[in-house]
Every structure is written in C-alpha cells, then in structure tokens.
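Engineer: Given only the sequences and the hints, what does the whole structure look like? Please build it.
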Amino acid sequence: MSNGSRTNLVLTVLTVLFFGLGASFWVQLWGKTPVVHQNPLVDPAFLQTATWRKSYADLIRGKEDLSDFDCYGCHEKKSPPKLRFGADQKIVVPDEHSDVVMGHGQHGRNNNCYNCHDEQNLLQLAARDGRALKLEDSVPLCGSCHGPTYRDWEAGVHGRTSGYWDRSKGPIVRQLCVNCHNPHSPKFPGRKPAPGPIPLRQANPETAGAEPTH
Amino acid sequence: MSDFHQHEGPPEPEPGMDRRSFLRTSAVLAGGLFAMAASLRPLMEMEDMPSAEQFLQKYYKELTPADMAKVLDRIERDVQKQYGIRPHVRDLRPMDGVEFVYALNLTRCIGCRKCVHACVAENNQSRSPEIQYIRVLKMPHGSLDIEKAEHSYSPESVPEKGHFYMPVQCQQCRNPPCVKVCPVHATWQEADGITVIDYDWCIGCRYCEAACPYWARHFNFTKPSIPKERINPNMAYLGNRPRKMGVMEKCHFCVQRTRAGRYPACLEVCPAGARKFGNILDPNSEVSQILRTKRVFIQLKEELGTSPRFFYYFDV
Numbered sequence: 001m002s003n004g005s006r007t008n009l010v011l012t013v014l015t016v017l018f019f020g021l022g023a024s025f026w027v028q029l030w031g032k033t034p035v036v037h038q039n040p041l042v043d044p045a046f047l048q049t050a051t052w053r054k055s056y057a058d059l060i061r062g063k064e065d066l067s068d069f070d071c072y073g074c075h076e077k078k079s080p081p082k083l084r085f086g087a088d089q090k091i092v093v094p095d096e097h098s099d100v101v102m103g104h105g106q107h108g109r110n111n112n113c114y115n116c117h118d119e120q121n122l123l124q125l126a127a128r129d130g131r132a133l134k135l136e137d138s139v140p141l142c143g144s145c146h147g148p149t150y151r152d153w154e155a156g157v158h159g160r161t162s163g164y165w166d167r168s169k170g171p172i173v174r175q176l177c178v179n180c181h182n183p184h185s186p187k188f189p190g191r192k193p194a195p196g197p198i199p200l201r202q203a204n205p206e207t208a209g210a211e212p213t214h
Numbered sequence: 001m002s003d004f005h006q007h008e009g010p011p012e013p014e015p016g017m018d019r020r021s022f023l024r025t026s027a028v029l030a031g032g033l034f035a036m037a038a039s040l041r042p043l044m045e046m047e048d049m050p051s052a053e054q055f056l057q058k059y060y061k062e063l064t065p066a067d068m069a070k071v072l073d074r075i076e077r078d079v080q081k082q083y084g085i086r087p088h089v090r091d092l093r094p095m096d097g098v099e100f101v102y103a104l105n106l107t108r109c110i111g112c113r114k115c116v117h118a119c120v121a122e123n124n125q126s127r128s129p130e131i132q133y134i135r136v137l138k139m140p141h142g143s144l145d146i147e148k149a150e151h152s153y154s155p156e157s158v159p160e161k162g163h164f165y166m167p168v169q170c171q172q173c174r175n176p177p178c179v180k181v182c183p184v185h186a187t188w189q190e191a192d193g194i195t196v197i198d199y200d201w202c203i204g205c206r207y208c209e210a211a212c213p214y215w216a217r218h219f220n221f222t223k224p225s226i227p228k229e230r231i232n233p234n235m236a237y238l239g240n241r242p243r244k245m246g247v248m249e250k251c252h253f254c255v256q257r258t259r260a261g262r263y264p265a266c267l268e269v270c271p272a273g274a275r276k277f278g279n280i281l282d283p284n285s286e287v288s289q290i291l292r293t294k295r296v297f298i299q300l301k302e303e304l305g306t307s308p309r310f311f312y313y314f315d316v
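Sequences listed follow chains A and B, in order. Per the working numbering, residue 1 is the first one in the first sequence, and the count goes up by one each step. Per the working numbering, residue 1 is the first one in the second sequence, and the count goes up by one each step.
Mimicking DSS-like on lysine-lysine, the simulated pairs with C-alpha atoms at most 30 Å apart in a straight line are:
| # | chain 1 | residue 1 | chain 2 | residue 2 |
| --- | --- | --- | --- | --- |
| 1 | B | Lys294 | A | Lys169 |
| 2 | B | Lys161 | A | Lys90 |
| 3 | B | Lys70 | A | Lys169 |
Think of the hints as simulated: they come from the structure by calculation, not from any bench.
Structural biologist: Here's what the structure looks like:
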C-alpha cells in the first residue's frame, strides 16, 4: 500500500467517524437538552417590608385623615360613655365601634375599655399607674402590663427592626407595639403563607407526580 | 516572458498532483471539515463560555486592588450585557471588631415564608429552576425532630395549631465542614464569621454540598434564570452577583447589606420580628442581649461540633 492511499484511507475513516458523530448529535442520541420550565414568579406582596398596620404616630407623620380619632365629634365632654355588658360578662361593642374586635388577654378577659382608654378624656390613654399618655405614645401603656416584653422591646430584642445594625453608618428603624399588634386583639391573625419550594421534579410537567427515582 | 511563448500544447502537469486528483482531494477535505464541524456541535451550543479575562483571573485572595477594580468592571459589563441593567458591584471586606451572629425566635416564627422570597429577591437567585437559601421546616409541638419536619406545607392560613416553624439556612459555622472539603479553596471563612464562595474559582464538584449537614449549599445545574425586572443591582463580589451554571451558592448573611452596616433582607421582611442579627462582639447589640438574657438556645445539630453562629431560642 502506497503512502498516498494509506493517507486517503485514514482521512476517509475519520470523515465517516466525524459524520457519524455529527449525525448522533443531530438526532440527540446522547440525551436531550433539558428544557427548563419557567416557574411562576412570587407575588410581590410577599416581598413587602411594611408593617400590616399603621400606628396613630404613622398617621400623624403621613398627615393622613385623623377624623376617626376625633372622639368628641360624637361623644360629649365630661360625660364618660357608659359601658354595657352582656349576660356572659362580655362587653357589648356599640354599632358605632363595630370595627373594634375585642380579643385582648386570654379568653378576652381584658374587656374593659377604660383599662387603657382614659374615661375622663377619650383623646388620651391612661396607664394603670395613673399616667396619662397621648394616643401616639402608647408603648409605655402596653409596657405597664407587659413588663418583660417592654424590656426586650427597649433592647431591640422584641419587635421588628430595619435599617442599620451599625449605628455609626445609619439609623435603626423601630416599630411600635401597635404597628404589628391590634391593641383590641393583639394576637397575630393567621395569614396565607408564601408559596413553598418547587422541586425540579414538580416543575417539569413530564415528571410531575412521579415518585423520586433515587 | 519570452520563455512562456515557447511552450506548445497543454502545460506539463506538476509532479504528483493533476487537476482531477486536486479536485477530488479538495472535495474530500471539505467534506471532512464539514463532518468535523458537525461533530463539534455540542461545543458550539455551549453558552456561558468564560471570557479570556474571566478565565485568566487570579484567585480572590491574590487580587491586588487594581486587579479587583478590573474584575468588578468586568462583572458589571457582563451583567449589563446579560440583563440590560448596569449594577453596582462592590468588593466589601470584613469590618474590624465585628463578628456576625444570627438569633431566631422559634416562639415568634409563624411560618409565612416571606424570608425565603425576600432572600431570593435580594440575592438574585435563580427562579427557574428554583434556588432558595432558606428552608422553613414545620414540626409538631413537643419535639425538635427533623425527621418529622415538613417543608412543603401550604395551608390556607399559618400558623397551624400544634406546630412550630423552624427556618434553616446556612448556619455560618465556626468549624465549617464545607470549607474543609473544598479541593480548590474556593470557599472559606472570613474574619467576621461569614463563609463565602468565590464563584469564579468554584469548579462545581459539590463536595461542600455533601459535607454540609444543614442542606445549605445549592448547585446551579443549569444556567440560572432571573427576570430582568427582578434583578437587584446592589451587588457584592462575594455576595449576590449573578452566578453561572456549574457553581455552588449559599446564604452569606447578605454581605452586600451587612458589611455596609444594614440588616439582612430576611430580617427586615419578617412580619413577626422573629429574626435578630448583629455583632456579637458589641455587648449592647440585640444578639448579645439575647444570648445573655434568653434561656434556651439551640444550635442545630450541635452534636456534630460545627458550632453554628446561628442560634434558635424560645421565649414566653
């Protein structure tokens, strides 16, 4: 066999080999390119960092409508509104205040409006030790009963924080009790959780519902 | 020139190559080259080929400030090319006298998973397929048995009666098993306690994923997909810059925020205030107060000796 024909033979074999390889990729003999299925994006509501309630202090700061807090628009000064109790010793919330859900304390036992509101002046709050507090300054009122929680809150241990942990770089943003707790019903209401993890198996319609293979 | 005109008839063929054999060889060669090109098809389809700049980039700890400036510029250009947004990429170093600690109040956590998604948004994690740094475990009251935990719960309303929730993410161990197994030193523990990954140095062997007892490390099996409008442009080299296919990633306590003095994203979004973060070397920080005054601490899988910087506690 001459040199030239040997070269030709080698080249021909290589060509056939390369064609074979090319064809195998063309028909995806070695496995298909995985298709990535697009998962639905999470609702941006779950990314909100704002608190779910606004405190009276927030309303003042935001220059919002304060007419709901104008007690003496309806009530008369120097005549404390009378409380009515039902047969089960539970307070009867008048229709004008139907937005107030009474649920403070275990079994709703803290059910006397004047435990916190000042009987003589509805525009302020009254702590049990006799201090009169403004509506926007409600934290010491809560603290007058919830001592350990108040201590934790002052140290930043209870409650939400945001902003800067390093006070030399910027301010820390604190929230008041009533930014997270409804004072009339402080227990957190239940909420819908954000969507859970989507495993690869579940994201792909071809394999969804199949048992894991490992 | 006069020599040329002396020739009669067709010119003498060159020795060893006539016209016919030349054509045949050319055709065979062209066919052969086409076949070779066809056989290289997978190479041509490869995306995410590193640029020469990226390929020749030095190890993170060997980069001079001038090198780093070039690298950050290269990353900014890459991100702009891919997502159409010019990000602000920084190389933030640990601060002196700072060691980060995380404390999570299991009594407060309501299992709403807002932290999971705030983390994904902050840290530019892949949405499809999903990569999430935080896994919220639902467990029955009265035990802390991870075998009984469930993380794919989806009731109408949380918290559910008789259960508590335990979010698990990177525990930033003092004695991290993931760092020990890395064959190329692409992951290490920094002076402020954060275990970081150099995504340009990682070879994707997934040893660290196997070594981590907390399931905190995640692998990019495909090219991460992030919608352009959800890119967070505030980025850090060791933090949330977009990753590529074939590298590991994990929670890094939001270095792009915390090393600039801010709180992590998961903490700010928590509606129950269950998450607390700060400098344990500062006696007045929230975490110092918690470790000093609260009664029960759990370091998850304490018996393994990993010594997490992530503490779980209960209160009344």
